[in-house]
Every structure is written in structure tokens, then in C-alpha cells.
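Each protein sequence line maps, in turn, to chains H and L. Sequential numbering of the first sequence, starting at 882, is according to the numbering used here. Sequential numbering of the second sequence, starting at 882, is according to the numbering used here.
Keep in mind that the hints were calculated from the coordinates and are not lab data. Heads up, a few of these hints could be off.
Just so you know, same-sequence chains aren't split out, so a pair can sit in one copy or run between any two.
Below are the DSS-like pairs computed for lysine-lysine, each with C-alpha atoms no more than 25 Å apart in a straight line [unchecked claim]:
id: 1; residue 1: Lys960; residue 2: Lys1109
id: 2; residue 1: Lys968; residue 2: Lys1105
id: 3; residue 1: Lys1140; residue 2: Lys1184
id: 4; residue 1: Lys1189; residue 2: Lys1105
id: 5; residue 1: Lys1140; residue 2: Lys960
id: 6; residue 1: Lys1189; residue 2: Lys1109
id: 7; residue 1: Lys957; residue 2: Lys1109
id: 8; residue 1: Lys1109; residue 2: Lys1210
id: 9; residue 1: Lys1109; residue 2: Lys968
id: 10; residue 1: Lys1031; residue 2: Lys1210
id: 11; residue 1: Lys1184; residue 2: Lys1197
id: 12; residue 1: Lys1196; residue 2: Lys1109
id: 13; residue 1: Lys1210; residue 2: Lys1105
id: 14; residue 1: Lys1212; residue 2: Lys1240
id: 15; residue 1: Lys1154; residue 2: Lys1210
id: 16; residue 1: Lys1184; residue 2: Lys968
id: 17; residue 1: Lys968; residue 2: Lys957
Remember, it's a predicted structure, so these values are computed and weren't measured experimentally.
Number of protein chains: 2
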Amino acid sequence: MKDETLLMLPGPVPIPERVRAAMARQAINHRGAEFGDAYADIVRVLKQLFGTSGTPLVISGSGTAGMEAAVANFGKGRKMAHLINGKFGERMYMIGQRYASETRPIESEWGTPLDLERLTAVLEEGCEVVTMVHNETSAGILNPGAAIGKICREYDALFIMDGVTSIGGDTFRADEWGVDVAVVGSQKCLAAPAGLAAVAVSDRAWERAVENPPYYLDLPSYRKNAAKDPMETPYTPAVPLFLALREACLIIEEEGTEKRIARHHKMAHAVRKAVEAWGVGMFPRTDDLHQYSNTVTAACIPKNSNDKEFRGIVKKFSIQIAGGQDHLKDKIFRIGHMGAVSAPELLATIAATEFAIHKTGHTVNESGVMAAAEVLG
Amino acid sequence: MKDETLLMLPGPVPIPERVRAAMARQAINHRGAEFGDAYADIVRVLKQLFGTSGTPLVISGSGTAGMEAAVANFGKGRKMAHLINGKFGERMYMIGQRYASETRPIESEWGTPLDLERLTAVLEEGCEVVTMVHNETSAGILNPGAAIGKICREYDALFIMDGVTSIGGDTFRADEWGVDVAVVGSQKCLAAPAGLAAVAVSDRAWERAVENPPYYLDLPSYRKNAAKDPMETPYTPAVPLFLALREACLIIEEEGTEKRIARHHKMAHAVRKAVEAWGVGMFPRTDDLHQYSNTVTAACIPKNSNDKEFRGIVKKFSIQIAGGQDHLKDKIFRIGHMGAVSAPELLATIAATEFAIHKTGHTVNESGVMAAAEVLG
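Whenever a hint applies, use it, and build me the whole structure from the sequences.
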């Protein structure tokens, strides 16, 4: 492990050596074949992961830049509805407030299912754009892409979906579900370094693109440049990150999309079994197993402990898990299981977490390590 | 040279191996001491290069993102004047049009000095924000930062200056000149990979920051997060690029700011001497030597040749120089001399360019290689 901390977070995640090595390349001209080929490789693989026939456009910026590009290019001056059951749903709402003519937050408590009835009511009143976070890492909940897509189509509203922490790790079918704008971040399930976002846009949405979005996030301009041969970006791209993401995509292609998603499901299943064995309780307030995130698991910190103590014990093993954000601090811990990690990292993490549970005075029902091993073995 | 093309462009530029190696680091948590220390190192060095007591804020995005952050946070809803004598001046104007209540372009022909009288007239009419590109690489001209800063102060207008291709390679004194917002890009004189921009803001400008800029480019939010200990960014940063830029800054610190600028001036002097020896003519239309760029030299392609042929010959030596942009295509060529490059790269480039001049049927007055060597030796 050298001086490396194992990051078992809902991103950033450990980056395979091949991917990191790709960044050592000397500077290249970003308006040439070598760069264009890298971009084309990225697009080929991302199309599979997004489940779209469109071209995912790559922005040099974080997942938030991708989300803002979606909202700014398709929500500006329009009535927007924001489905919220966690921190990133709230962030979408905050971005919406900078662009929409009117915003309607549809809030559920963090970690509880979305309120589909209220969405329908809001759409009845004439909302034109809906945003949703597919995989809400702040609460470990997976929101129903297909169901919301269907409702949006019924009301002819554009559907913007944050797939930042699901695309590449869980099933995502933009075209089939009726997602008009989908966004992924590089440092999550794709296991590439942080700093790139990709945005895929439906034909229906392109027809409704607004005028004068922010210059740097002008998606029609990204589209025009991506159509060139060799592929280009409108402004100087973060070249090393493109080369790294290309390598990460090639690794994904070698593994195969379905196998990769199955691996993530298996990891999620293993962690849930451990949580069950510990008896600390899952955080998401749902009985629908399909609404548990498959890329991050949120569970409750034993009542007699707190975030600093609990994660501090885990950290002694050079393993970093996540705590709760905002009002969930000291209440939950979160184990990320996305990207390139697999059984060894997961077993170590579960062992360290179980140790923290013991040390903070909680008696587990049975061994979470053994329960997880049963799934992973 | 392996499979590497020597990029003698006005960015991207060759990246030292130490800088590229810094990116191989395994993913780290960007809300921790290791990241914060890297950011702090960057800021310490950039303050010197910007000539400011303020804190340059680093955005994960290209120089254009930095320019848009400047315009969006300080020009939104205001009357803006845009000084233009090249492509990047035009870009600033285009960005201004997305934010300003009114825009006044003050255009000079590309490569000719700016029109200070018209600027004064426009300011008399009540313009609140002025933009200028310090080093206009499209034309190889250096615009007068101090003079424009003085005029802006007289009229109490905010002065936004694009230092994307001058900061780190030429004299830049933001505080002394009265520059309110200055921007640099990572892949130019700093010799780091593309993908980061840094923005320094005067106290006077902070007091006039607008409400609701784009979410991703919200500078007050960058400021707030940079004030934390350890330093942070509001959204997930492009971590490998920060680590690379930190290493690039340490190299700059080792060289020393003054020595670095002197090296750039010497390189510029050498290339100008070569152009003089060739007799092809400098492109910038000015007799004021101080208005020649010190980081890129623009000269005329021999009349009987064109861009493709001319630069094609240079490329045979695995050296890439730049052509003219937009209407200057086929008219000029540009040699970048910024960042980490020095005598060897420059001599090779001048030799290859002289060969192209010969091969396209132009007889040089005397050897440009010898003239440059005289300066560099």
C-alpha cells in the first residue's frame, strides 16, 4: 500500500496504474489525430455505458460542470422541477435557481423514495424540465430512472438525469428510459482521475437547446467540435485527463459492461449482507431493495459513537470510508464500492469497519466479514 | 525524441518530466492536507508571477473558463468595453456579449496597437468594466498593461486582463498596474498540462462582485473554500493537474521569477534576430519593440508559400510551430518560446524554419540560426 490510503469513498476512487501511467505522455497538440482518437475511444465506450446512440460530449471540468451544462443549455428561462432526496438533488436545485424562470423543488427526506405524485402534480401545472439524481450517494439511494423518464415523456418535459455515480457501475439506459440529458463524472464508476464530465443529449433535447448558455459550457459548440475529424473540443481540453479516461474506458471495454455492472451488484450485495450481520441498520428508508444504491452503501453509525471516532478507527488501517454530509454527519457512514475495486479491497474495508463497530462498543449479531465473504467467494 | 513532437507553439508547450511524473500519484481525497498543501504551493508561486498580494484561485477548466469566470463575476449586467487586436480579444468580446448589459468593442486590426483614445472616449460615456488581452498570441503582440490599468483607474472602471500567455513568462504586476482581475492558463508559460486556470482578484473587484454568476464559475465560492485550512475548491478539482501544476510551480521557484522572465526575453530576442536575418518581416505592425510578444513570435510566411507547405517542412523534423488563425492563415507563422524550453529547442526550431524558408524558394539575407545563436550563446 506504500503511502497510499485506500479510498473506499463514493468517489474519488482508486485509479488503476495503467490509467495513471497514461498521463505521463508528453504534451500533444489537442487539434490532431492522437487526441481525436482518444476522444473517439472514450465516446465509443461511454455510449455503451450511457445506453445511448448519441455522442457523449466531454467537458474539462467536474461532474458539477456537467450538471450545470445540462441545466444551463436546456433549462435556462424555463420552468424547472427538481426531485430531491439528498445532497446532490439539492445541488441540482441550486443550479436550477440560477437559470430557470421558476423552480419547483419536490423534496423528500434524504434517503427516502421520491414523491412521484407530486411530480405529476407539478407537471400538470406546466413544468418543462425535470432534474433527478439517479444514484444519490449522500443517502445511498438509487432513484427510478425508467419511471421518472416515463412520466416526463407523458408531459413532454425534458428529463435531465445526474448519472455521475451510476454510469459505468450500474444499469443506465438513457435512450430506453427517455433520459434527455445524462451526465457522468470521471472519478466515480469509471475509475479515472477527477476533472472530466461527459454529457449525452437526446435529439429531442437538441431541438430545444436555449440561446446563449455560459460560453465554457456551450453544448452545441461541444457537439460541433466533436463532429470534426479528428474529434475536437471547443476550448483547450485537459489532455492528460482525456488520455487517462481513454485508458479507463479501454479497461471497461475489456471487462465488458454487463460483467462490470454484475460485479458492482455483487459488491453492493456483499456490503449489505455485512450491514445486516452487524445489525446497525441501513440508512435508506425504503423496503424496496431496488432502491438501494449499488455503488455506495450508507449505514448507521452505532448510537454510542460519532463520525470522527468511528472513521478514525477505520483510518488506522489506511482505509478511508465516507461519513455523512450536512445533517447526516455523525449519523451515517458510507462505503463506496465503485470503479476498479473488488473483493480484496472490500473484505479489508468490511473488516476494518467491523473492528470500528466492536471498538465503539456495539456487539454485532454475527460476522459481517463472513457474511460478505459468502457473497464474494 | 522518441515518438514526441517538439511543440513550439503558443501553448500547449513541452512539459518537464518531473511535472508529468507528479500525475502518476494514486487518487487522494481532495478535502485533506495533501491536496491543500499542493494548492498552497501553487498559490505561493503564482502570487509572485501575478505580482499580487491576493490569492490566485484555481479553476479546473481551460483558460477560457478562467476568462469567463472573470467576465461573469464582474461584468454581468454591466457596460463592458473590450479592447481587441487579435483572436483572444475577440473571444473576450464574445464572452462579454453573454453577460454584459451593453458591450463596446474597441477594435484595431490584428497585430496593431490598441486604440487608447477610443478607450478613453468609451469610458467617458460610462463603461464600468474593460477587458484586454495582455499577450495576444494570435498576432504576437504585447499590449500595455500598465497604461490601460492607469486609464481604467482614472475612470473607476474594473480592469480584467487576460494574462493566459504572459504570466510566468513575462513581467506582470497586477497590483502595481491596477489590474482587477487577472487570469493565467496552466499549459502556457507555466509549462504544466492543459486543464487549469488561475484567477486573481483585487479587493476593489471583490467589493463589486455580481450576484448569481454561473455555479461552476462562482468565484466567491472558490475564495471561501481557498480560505479553509487545508485549502479546498468548491467542487471536485482535477487532482492530477493540481499535483502537476504544483510541481511546475516548484520548478519555477527554483529558477526564480526574474531569471525566468529574462530567459523568455532572451529567447524572444533570439527569434526576432533570426526573423530579421531572414528578411521575411515580423507580423506585428508596430515600431515599438516593447509591443512585441516575449513568449511567441509572429512572422510572415514567404509570399510564394502557404501554411501547409511551410509548416509541413518544419514538421519533417518533428517540430511543430503554429500557423496563423482565421484570416491570417497562410499569411503568418508563429514560434512559441514559452515555459520550460530554452536554447536547444529554439536553435533546432530556427534551423528547421530557416530550411523551410529556403525550400519554399526564398533567399534569406543571412543565417537566422547564426543570428539567434549569437544571442543565445
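Okay, the hints, checked on the actual structure:
no.: 1; hint: Lys960 with Lys1109; result: neither (34 Å within a copy, 36 Å between copies)
no.: 2; hint: Lys968 with Lys1105; result: between (33 Å within a copy, 19 Å between copies)
no.: 3; hint: Lys1140 with Lys1184; result: neither (38 Å within a copy, 60 Å between copies)
no.: 4; hint: Lys1189 with Lys1105; result: between (49 Å within a copy, 24 Å between copies)
no.: 5; hint: Lys1140 with Lys960; result: neither (40 Å within a copy, 56 Å between copies)
no.: 6; hint: Lys1189 with Lys1109; result: between (51 Å within a copy, 19 Å between copies)
no.: 7; hint: Lys957 with Lys1109; result: neither (27 Å within a copy, 32 Å between copies)
no.: 8; hint: Lys1109 with Lys1210; result: between (47 Å within a copy, 19 Å between copies)
no.: 9; hint: Lys1109 with Lys968; result: between (38 Å within a copy, 21 Å between copies)
no.: 10; hint: Lys1031 with Lys1210; result: neither (35 Å within a copy, 51 Å between copies)
no.: 11; hint: Lys1184 with Lys1197; result: within (21 Å within a copy, 70 Å between copies)
no.: 12; hint: Lys1196 with Lys1109; result: between (48 Å within a copy, 22 Å between copies)
no.: 13; hint: Lys1210 with Lys1105; result: between (44 Å within a copy, 21 Å between copies)
no.: 14; hint: Lys1212 with Lys1240; result: within (17 Å within a copy, 74 Å between copies)
no.: 15; hint: Lys1154 with Lys1210; result: within (23 Å within a copy, 65 Å between copies)
no.: 16; hint: Lys1184 with Lys968; result: within (23 Å within a copy, 62 Å between copies)
no.: 17; hint: Lys968 with Lys957; result: within (22 Å within a copy, 28 Å between copies)
When each numbered hint is compared with the structure, violations occur for hints 1, 3, 5, 7 and 10.
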